[in-house]
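K.L.:
The chain contents come next:
There are 2 protein chains.
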Amino acid sequence: MKFLAQRRQILGQTLKNGKDGLDALLITGVPNVTYLTGFTGDSSYFVATSTNAVLVSDPRFEVQIQDECPAFGKEPGLDLHIRPHNKTTLEATIEVLTQAGATTVGVEANRLTVAELEGLRELAPKLTFVPQTNLVESQRTVKDPSEVEHIRTAIRVAERAFKMFVATVREADTEKDMVDALDGYIRRAGANGAAFPLIVAAGERGALPHAPPTRKPLAEASKLLVDWGADLLYKSDITRTIRNPYVVTPTARNKFERVGFDFERVYKTVLKAQNAAMDEIRSGARAKDVDAAARKVLAEADLEKYFTHGLGHGIGLEIHEAPRVRANSEDVLEAGMVITIEPGVYIPGWGGVRIEDDILVTRDGCTLLTTLPRDLSAPG
Amino acid sequence: MKFLAQRRQILGQTLKNGKDGLDALLITGVPNVTYLTGFTGDSSYFVATSTNAVLVSDPRFEVQIQDECPAFGKEPGLDLHIRPHNKTTLEATIEVLTQAGATTVGVEANRLTVAELEGLRELAPKLTFVPQTNLVESQRTVKDPSEVEHIRTAIRVAERAFKMFVATVREADTEKDMVDALDGYIRRAGANGAAFPLIVAAGERGALPHAPPTRKPLAEASKLLVDWGADLLYKSDITRTIRNPYVVTPTARNKFERVGFDFERVYKTVLKAQNAAMDEIRSGARAKDVDAAARKVLAEADLEKYFTHGLGHGIGLEIHEAPRVRANSEDVLEAGMVITIEPGVYIPGWGGVRIEDDILVTRDGCTLLTTLPRDLSAPG
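Top to bottom, those sequences are chains A and B. Under our numbering, think of the first position of the first sequence as 2, with each following residue one higher. Under our numbering, think of the first position of the second sequence as 2, with each following residue one higher.
Be a bit skeptical, because a hint or two may be false.
The list treats identical chains as interchangeable, and a pair is accepted whether it falls inside one copy or across any two copies.
Below, a list of computed lysine-lysine pairs in the DSSO-like style, where the Cα atoms sit at most 30 angstroms apart [claimed, not checked]:
#, residue 1, residue 2
1, Lys-164, Lys-177
2, Lys-217, Lys-164
3, Lys-269, Lys-88
4, Lys-269, Lys-177
5, Lys-127, Lys-177
6, Lys-127, Lys-88
7, Lys-164, Lys-127
8, Lys-164, Lys-289
9, Lys-306, Lys-289
10, Lys-75, Lys-273
11, Lys-88, Lys-177
12, Lys-306, Lys-273
13, Lys-306, Lys-3
14, Lys-20, Lys-269
15, Lys-20, Lys-306
Derived by calculation from the structure, the hints in this document are not laboratory data.
Looking at chain A on its own, in the form it has when it is part of the complex (with noise of 0.2 angstroms):
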């Protein structure tokens, strides 16, 4: 409770300092409400006045607000507005933004659509609406101590469905049958589910960074990228590219192996990089730095022209946030910035090797918070 008080203060800074003649705000992003509430559910809006902070929502949800939120409607400052089922919810908030006696509003430029805001404009003609930027977004960046634990306690729960997947696949799995045991796993894990649609690439199938599955079974792989995470609220995203875990000896799985390149080779030049990146990491560094940290050493062993995505990006509630870390980023790293570091090689017709961590910015440094090993020795 202490840290969702302290940023709708963070918040109400803005409206303090006057910026463009702010007298209220209205948060319409769904993580955005909910980093301000602790409100999970969606189709809800959060208002920012210079006395009030009010939680616009519809019927559906007046119980999961009382357990999650229970302040609002009850603490001074603190309101709940609940719409009738005929009324849409920006009916609502403009009801509750005259009432509170605004003028000058400040909206979320990346979150409101276009149409949205121009329906806003034709409901209250009388209110300014003046778009703004990363009004929430740019203190998520910095995740306070509640924060990382929530993000290390979903990394904790997809490392542990890892290891029931290497422990349960078998060879007649198709991609399709590992992605789905998989995502089983991450949710008897605790999670409410996977992250986001997981990817497991067989054999020559890694050469997909963003693989669909197949009924390509695992028998015919010498090689397998998993690409994963979980949601519990908070998101975590790891890859890692293994030997195919089920086959018993080299021989069988080296029939295979695609020839053009060396498994071992590739595959310790993306850790070398992801260490290099990881080097680079420091409160003040550059993103685009970390970037081409990584993308120098796969240059000098000749594989850069295969690493075809950017190298990181922010995760939280929302799995891609900012940061980004990538060759045209202008962020700059602070301390408490949550990233992932995904260095990549993809080679058609042979496969590709990906190894993805999440990493807490530090002050002269960074720490590891996925603790899978990240060496081919294991697992598999």
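Starting from the known structure of chain A, arrange chain B on it as the hints suggest.
P.N.:
Same frame as chain A, but now just chain B:
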């Protein structure tokens, strides 16, 4: 393929008609891009000019695009533009528009955020971007025969999963266990996954229309509300409220029945409301009248005050799409629309009953696409 070309042709009419002086259209909404191209990945845009159609994507999706929409980049008039990793998709899109000599570009007001539109205008000050409403969504409300088949398949898969679920639940299962199991069965039955976060509400928790799963065990509930659907690109969306299926004798079940309302009476009233709504459905009917027909039946039984949401919504590539079937909707039904009809009654402390089916609007009435029994006799 025939349908894809047809859809692009219908969209092209917007340009031919000379509306707002547009000479190009930029489609950014993921389901809209899928609808026009067959490509099922994200982060990709579709550009239509008077002569060409272009899919703008990134290297992660090259192989998937070859699989799913091989015509792009090969057939005349269908181009493929893959951006490098150090450019954004919006930057690549501007290049495509400029090369095509476009000057006035229609964009999707319902899909583009305020910030994205601002970004486009900054990147390309010489181009004029004109927000358009429902460029593709208006086409998508009326399904072509291939889409109705896709939805039917998503319904069949969901129904098979429900039978697995009812056959296997046991008294020790909590709501969370049941949600996880049903999710697994939906995948096992052939879906990519669940169409939305599933709802399994035991006993009085059925009073929460969007109940997040708790650790409440099935053993302590006389009734079970289950809202589920399958995602096979197209979605299905069904709700059944059943008596606790594991209890053998009515005596055991009634131990947990909450007093105040008779389950069978409430159930039959909700079913009657659903039937009354279906009787109103035909091409030309107003969505609000269909909603009113259900509400009238509930009002006659003094239950209307417990029906706190709209009656239904379109389904297709998205789980909620046009038309909206509710009191404040201005939508008119047309043959070929596929909608849910889902009256519900939610009584705090007692529980809830919702019955939801997927329905194809026809010229003279409607076709019930769901085949699971709607009466209380089965399953369970």
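K.L.:
Each hint needs a verdict: does it hold in this structure or not?
P.N.:
Now for the hints, and whether the structure bears them out:
1. Lys-164 to Lys-177: both (18 angstroms within a copy, 21 angstroms between copies)
2. Lys-217 to Lys-164: both (22 angstroms within a copy, 28 angstroms between copies)
3. Lys-269 to Lys-88: between (59 angstroms within a copy, 28 angstroms between copies)
4. Lys-269 to Lys-177: within (28 angstroms within a copy, 41 angstroms between copies)
5. Lys-127 to Lys-177: neither (54 angstroms within a copy, 47 angstroms between copies)
6. Lys-127 to Lys-88: Within one copy only: 20 angstroms inside a chain, 41 angstroms across chains, cut-off 30 angstroms.
7. Lys-164 to Lys-127: neither (58 angstroms within a copy, 55 angstroms between copies)
8. Lys-164 to Lys-289: Neither: 33 angstroms inside a chain and 52 angstroms across chains, both beyond 30 angstroms.
9. Lys-306 to Lys-289: within (17 angstroms within a copy, 57 angstroms between copies)
10. Lys-75 to Lys-273: Neither way: Lys-75 and Lys-273 sit 54 angstroms apart in one copy and 39 angstroms across, limit 30 angstroms.
11. Lys-88 to Lys-177: neither (43 angstroms within a copy, 32 angstroms between copies)
12. Lys-306 to Lys-273: within (16 angstroms within a copy, 64 angstroms between copies)
13. Lys-306 to Lys-3: Neither. Shortest intra-copy (48 angstroms) and inter-copy (37 angstroms) distances fail the 30 angstroms Cα cut-off.
14. Lys-20 to Lys-269: neither (51 angstroms within a copy, 57 angstroms between copies)
15. Lys-20 to Lys-306: neither (45 angstroms within a copy, 44 angstroms between copies)
The structure fails to meet hints 5, 7, 8, 10, 11, 13, 14, 15 from the earlier list, while all remaining hints are met.
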